[in-house]
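Visitor: Residues per chain are reported as follows:
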Amino acid sequence: MDLEEKLKILTGAAKYDVACTSSGVSRSGEKGKLGNAAAWGICHSFASDGRCISLLKVLMSNACAYDCSYCVNRRSNDLPRATLSPRELAELTIQFYRRNYIEGLFLSSGVLRNPDYTCEQMIAAIRLLRVDYKFNGYIHAKAIPGTDEKLITELGLLVDRMSVNIELPSSRSLQLLAPNKTKAHILKPMQQIKEGIQENKAALALYKASPKFVPGGQATQLIVGASPETDYSIITLSESLYKRYTLKRVFYSAYIPVQSGRNLPSVDTKPPLLREHRLYQADFLLRFYGFSAKELLSEKTPNFNTAVDPKCNWALNNMDRFPVEVNTAPQEALLRVPGIGVTGAKRIITARKTAKLDFAGLKKLNIVLKRAQYFITCGGKMLEGLKQNPEFILRGLMSEASIRRTYLPDSEQMSIFDEEEYRKCLTGQI
Amino acid sequence: MPYRTDIAYLYDGSFEGLMCCVFESYYKKELPELIFTQEEAQSTLYDIREIESDRGKAARVKSAVKNKISAEALDFVQKAFFTILPRKERIILDFLRKGFKTGGVILDMLTDDTVSVLSKAVSHLGKESALYRGFVRFSEIGGVMVSVIEPKNFVLPLMMDHFCDRYPEEIFVIYDKTHSTMLLGEKGKARLGYVENFEPGEANIGEKAFRRLWQSFYEAIGIQERYNPQCQMSHMPKRYRSQMTEFQERETAPLPLFPEPEARLPGK
Ligand code: SF4
Numbered sequence: 001m002d003l004e005e006k007l008k009i010l011t012g013a014a015k016y017d018v019a020c021t022s023s024g025v026s027r028s029g030e031k032g033k034l035g036n037a038a039a040w041g042i043c044h045s046f047a048s049d050g051r052c053i054s055l056l057k058v059l060m061s062n063a064c065a066y067d068c069s070y071c072v073n074r075r076s077n078d079l080p081r082a083t084l085s086p087r088e089l090a091e092l093t094i095q096f097y098r099r100n101y102i103e104g105l106f107l108s109s110g111v112l113r114n115p116d117y118t119c120e121q122m123i124a125a126i127r128l129l130r131v132d133y134k135f136n137g138y139i140h141a142k143a144i145p146g147t148d149e150k151l152i153t154e155l156g157l158l159v160d161r162m163s164v165n166i167e168l169p170s171s172r173s174l175q176l177l178a179p180n181k182t183k184a185h186i187l188k189p190m191q192q193i194k195e196g197i198q199e200n201k202a203a204l205a206l207y208k209a210s211p212k213f214v215p216g217g218q219a220t221q222l223i224v225g226a227s228p229e230t231d232y233s234i235i236t237l238s239e240s241l242y243k244r245y246t247l248k249r250v251f252y253s254a255y256i257p258v259q260s261g262r263n264l265p266s267v268d269t270k271p272p273l274l275r276e277h278r279l280y281q282a283d284f285l286l287r288f289y290g291f292s293a294k295e296l297l298s299e300k301t302p303n304f305n306t307a308v309d310p311k312c313n314w315a316l317n318n319m320d321r322f323p324v325e326v327n328t329a330p331q332e333a334l335l336r337v338p339g340i341g342v343t344g345a346k347r348i349i350t351a352r353k354t355a356k357l358d359f360a361g362l363k364k365l366n367i368v369l370k371r372a373q374y375f376i377t378c379g380g381k382m383l384e385g386l387k388q389n390p391e392f393i394l395r396g397l398m399s400e401a402s403i404r405r406t407y408l409p410d411s412e413q414m415s416i417f418d419e420e421e422y423r424k425c426l427t428g429q430i
Numbered sequence: 431m432p433y434r435t436d437i438a439y440l441y442d443g444s445f446e447g448l449m450c451c452v453f454e455s456y457y458k459k460e461l462p463e464l465i466f467t468q469e470e471a472q473s474t475l476y477d478i479r480e481i482e483s484d485r486g487k488a489a490r491v492k493s494a495v496k497n498k499i500s501a502e503a504l505d506f507v508q509k510a511f512f513t514i515l516p517r518k519e520r521i522i523l524d525f526l527r528k529g530f531k532t533g534g535v536i537l538d539m540l541t542d543d544t545v546s547v548l549s550k551a552v553s554h555l556g557k558e559s560a561l562y563r564g565f566v567r568f569s570e571i572g573g574v575m576v577s578v579i580e581p582k583n584f585v586l587p588l589m590m591d592h593f594c595d596r597y598p599e600e601i602f603v604i605y606d607k608t609h610s611t612m613l614l615g616e617k618g619k620a621r622l623g624y625v626e627n628f629e630p631g632e633a634n635i636g637e638k639a640f641r642r643l644w645q646s647f648y649e650a651i652g653i654q655e656r657y658n659p660q661c662q663m664s665h666m667p668k669r670y671r672s673q674m675t676e677f678q679e680r681e682t683a684p685l686p687l688f689p690e691p692e693a694r695l696p697g698k
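Protein chains in written order, with the numbering used here: chain A, 1 to 430; chain B, 431 to 698.
Quick caveat, the hints were computed from the structure, so don't treat them as lab data.
Here are some, though not all, of the chain A residues that point toward chain B, as calculated from beta-carbon distances under 8 Å:
id : residue
1  : E4
2  : L34
3  : Q95
4  : K353
Chain B side only, calculated, beta carbon under 8 Å to chain A, not exhaustive:
id : residue
5  : M539
6  : T541
7  : Y597
8  : F640
9  : Y648
10 : R656
11 : N658
12 : C661
13 : E676
14 : L685
Computed from a predicted model, the values in this text were never measured in an experiment.
For every residue, glycine included, the Cβ atom is placed at its ideal position computed from N, Cα and C.
Model the full structure from these sequences, guided by the hints.
Guide: Put into structure tokens, the structure is as follows:
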């Protein structure tokens with residue numbers, strides 16, 4: 001099999017993994033080496049599905065020994081199998097990187113024989129890159145659940161970020177759909193990586209030249225829609241992952257039915273893209289806006305409103321906290337206004353040091369009033385003609401979505417997002 | 431004495447030259463209606479005065495900006511100068527005049543029209559240069575990594591440090607077709623220079639093979655069930671794609687083979 005064929009197969013097999021960011025590490029270039037890393041990450045292209053391409057995202061091998069029913073690579077699936085050699089992987093990474101196609105490598109793999117053997121192969125490839133090829137760019141590696149601790153440590157010292165995919169948001173679903181994996185299997189490496197990072201921080205404080213262990217932190221992915229968990233249980237899980245395991249990112253992946261299975265949604269189910277989008281928005285609210293999962297959803301209303309984003313939804317249910325006066329409100333209160341993002345709040349705080357803000361002034365700060373107008377006052381006044389009444393507001397907020405639906409009657413689910421929403425999903429300015 | 435406003439300044443198009451216009455404006459107590467370059471060939475009813483570039487004067491203005499306003503303000507006007515904002519020279523002059531009155535706080539006055547207009551232009555420049563950090567595509571031609579871009583703003587000065595840091599062992603060229611300017615990086619250092627025309631040479635088979643592999647990767651990574659050209663377009667507008675490998679005709683060059691020989695160093 002030629003290299004192009006292998007690359008196609010192993011990319012196709014890796015594409016469902018969404019964690020393709022190159023963020024979390026800032027590292028300068030070094031004489032004699034190739035590459036650097038930028039903390040905010042760099043997108044090198046956007047695929048036909050609109051997702052950012054930052055890393056060479058491939059599996060080392062798709063010849064998997066396991067049989068997870070939601071996965072294309074499962075043993076019982078009849079499909080061409082391929083494995084890249086460490087040399088091929090290293091060459092591809094280096095040559096793509098030199099041409100500025102990528103920020104680095106995202107290496108995952110199906111289970112080759114067993115987890116330890118798989119991890120050893122990955123280590124061999126990454127060591128070749130780091131040591132022989134002097135590659136100083138970004139590397140994200142997957143830790144295969146069930147791998148020996150020593151190997152995880154070895155891998156962690158070579159890469160920037162590691163992730164263990166939880167995939168299914170509850171142990172029951174795991175049991176049902178991924179019979180070779182258990183919750184303990186997944187959480188153990190996660191715990192180990194967390195402790196490793198903590199110990200390493202302490203060591204670095206004492207001795208600056210200590211080798212770095214997973215400096216970009218760890219991440220995970222949850223599949224949305226393959227199993228019956230609610231949005232509430234998903235974001236509660238994310239919240240505890242951020243707190244308990246100090247994860248850097250939780251990614252959400254709308255389940256795309258790749259095969260039929262007794263315990264799976266039928267093959268013609270559309271991937272729940274809007275739901276995935278709402279979860280990302282909520283995730284931003286947890287990480288940057290000071291919200292807790294409990295504020296956004298509850299046992300009683302366990303799923304997000306599809307018509308408006310989670311922040312609008314929260315605001316509509318908490319009208320007693322509004323309107324907020326932009327000239328005096330503290331940052332935390334500004335951040336809770338629908339339509340004012342992290343950047344917007346900062347700009348308001350800077351600008352009001354020297355001038356009193358009115359609605360025209362907010363526009364000059366690039367604040368989009370479409371949403372925000374219902375929830376703020378400038379100098380004690382609301383924008384003329386607006387009422388502080390939830391039904392009135394909801395109508396105002398919803399009309400855009402419904403107008404778009406009427407314009408694009410039989411289009412895909414995704415077309416109900418407008419450009420602004422896309423940008424927001426990239427920048428997290430909600 | 432009121433300022434004279436019925437005059438236009440013609441300058442050489444350099445940042446130094448613009449700083450000399452600022453000097454002239456203070457020295458002669460004038461607020462020119464227009465500050466422009468030969469290429470723009472503006473028509474004006476007023477007298478035109480040619481302002482000569484003078485390093486000494488420019489340096490004096492720059493250090494005044496630094497000391498009386500702030501170092502950030504100097505950086506800000508330098509960036510504003512790289513943007514495509516129409517009449518930017520005149521607006522920069524306004525900004526500096528205000529800044530000399532208010533001091534460093536000028537950069538916080540985001541609702542001031544002059545500051546707001548310049549900030550938007552600078553953030554457009556910042557976004558474009560950030561996108562190009564990802565979208566630049568190099569080809570290895572005769573041992574040099576070569577690329578061409580067609581930006582709106584003059585982004586090269588904002589990209590220099592990043593690429594020098596990234597490729598300390600490569601010789602690389604980024605040619606800005608819009609502004610006929612070449613960035614040449616070597617041993618982690620870079621220079622900018624005016625180059626009228628530049629055509630990268632013909633790529634060899636080895637180069638084409640990696641293009642082909644990248645094109646295959648690009649095709650394979652998209653998820654069909656999520657096909658969404660609208661979203662793709664909003665992140666990566668069409669104009670960026672003209673020089674990107676994945677949007678060029680499919681390469682068919684023979685593929686490379688990597689047996690397991692001894693280690694090879696990058697670029698060798
Ligand atoms: S172990 Fe990973 S690659 Fe293998 S079947 Fe399960 S999910 Fe797929």
